[in-house]
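Asker: Residue-level listing of the chains:
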Amino acid sequence: KAGVTQTPRYLIKTRGQQVTLSCSPISGHRSVSWYQQTPGQGLQFLFEYFSETQRNKGNFPGRFSGRQFSNSRSEMNVSTLELGDSALYLCASSPGASGIYEQFFGPGTRLTVL
Amino acid sequence: KQEVTQIPAALSVPEGENLVLNCSFTDSAIYNLQWFRQDPGKGLTSLLLIQSSQREQTSGRLNASLDKSSGRSTLYIAASQPGDSATYLCAVNGGNTDKLIFGTGTRLQVFP
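Chains A and B, in that order, are what the protein sequence lines are. In this text, residue positions in the first sequence follow the numbering used here: the first is 1, and each later residue adds one. In this text, residue positions in the second sequence follow the numbering used here: the first is 1, and each later residue adds one.
One or more hints might be untrue.
Unchecked claim - In the DSS-like style, the derived pairs of lysine-lysine whose C-alpha atoms are separated by at most 27 angstroms in a straight line are:
no.: 1; chain 1: B; residue 1: 1; chain 2: B; residue 2: 68
no.: 2; chain 1: B; residue 1: 68; chain 2: A; residue 2: 57
no.: 3; chain 1: A; residue 1: 57; chain 2: B; residue 2: 1
no.: 4; chain 1: A; residue 1: 57; chain 2: A; residue 2: 13
no.: 5; chain 1: A; residue 1: 13; chain 2: B; residue 2: 42
no.: 6; chain 1: A; residue 1: 13; chain 2: B; residue 2: 1
These are calculated hints, taken from the structure and not from any lab test.
Given these sequences and hints, build the entire structure.
Answerer: Written out as structure tokens, the structure reads:
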């Protein structure tokens with residue numbers, strides 16, 4: 001069974017631009033969660049989508065948004081990029097709501113904002 | 001607010017040693033706890049998942065225990081190898097937050 005995939009793996013953007021990251025969960029998994037990892041803040045929860053609905057949200061500004069499609073694939077969008085948005089963005093999938101099930105992570109997208 | 005702490009922050013040991021990584025959390029109302037491994041610049045690999053009703057889980061040379069009432073978990077690595085060098089993260093799931101809350105990790109180096 002294929003694991004969680006994320007595209008692209010690397011991105012370089014400039015301040016003020018916007019970016020869209022994609023995550024394909026493990027087949028049959030209905031929940032996708034997104035996390036931001038930085039050296040200073042560690043791993044922080046962004047949001048979770050379950051059956052195309054945002055189920056949970058972390059403490060990030062409205063510039064961070066996401067959505068989930070009917071095939072459970074998810075996208076995350078960051079608008080008006082800031083230098084501090086440079087990070088490794090990880091997505092994780094689980095069979096059901098993330099509070100109960102084991103989560104499986106993708107390789108991440110490394111975003112660099114110049 | 002759930003807080004997860006991992007001690008030590010870094011650890012360097014010679015090959016063959018048995019070692020223990022510690023994880024503590026402040027809110028004992030959790031569904032489960034996961035241990036992950038992360039290689040530099042890579043994603044997270046799930047090592048072990050312990051449900052709140054369980055006391056321990058084993059996978060190969062790894063053994064994780066959970067004492068929910070005291071808010072502690074340990075990851076025991078037997079006969080460490082250079083390939084075990086990575087950052088190890090614990091994360092608690094559920095309770096009042098209903099999402100994974102991560103510790104800051106323990107960076108492990110095993111030298112030959």
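Asker: All the hints need checking, so say for each whether the structure fits it.
Answerer: Structure-based check of all given hints:
no. : hint        : verdict
1   : B/1 / B/68  : holds, 16 angstroms
2   : B/68 / A/57 : holds, 26 angstroms
3   : A/57 / B/1  : holds, 15 angstroms
4   : A/57 / A/13 : holds, 25 angstroms
5   : A/13 / B/42 : holds, 20 angstroms
6   : A/13 / B/1  : violated, 34 angstroms
Comparing the model with each earlier hint shows a violation of hint 6 alone; every other hint is respected.
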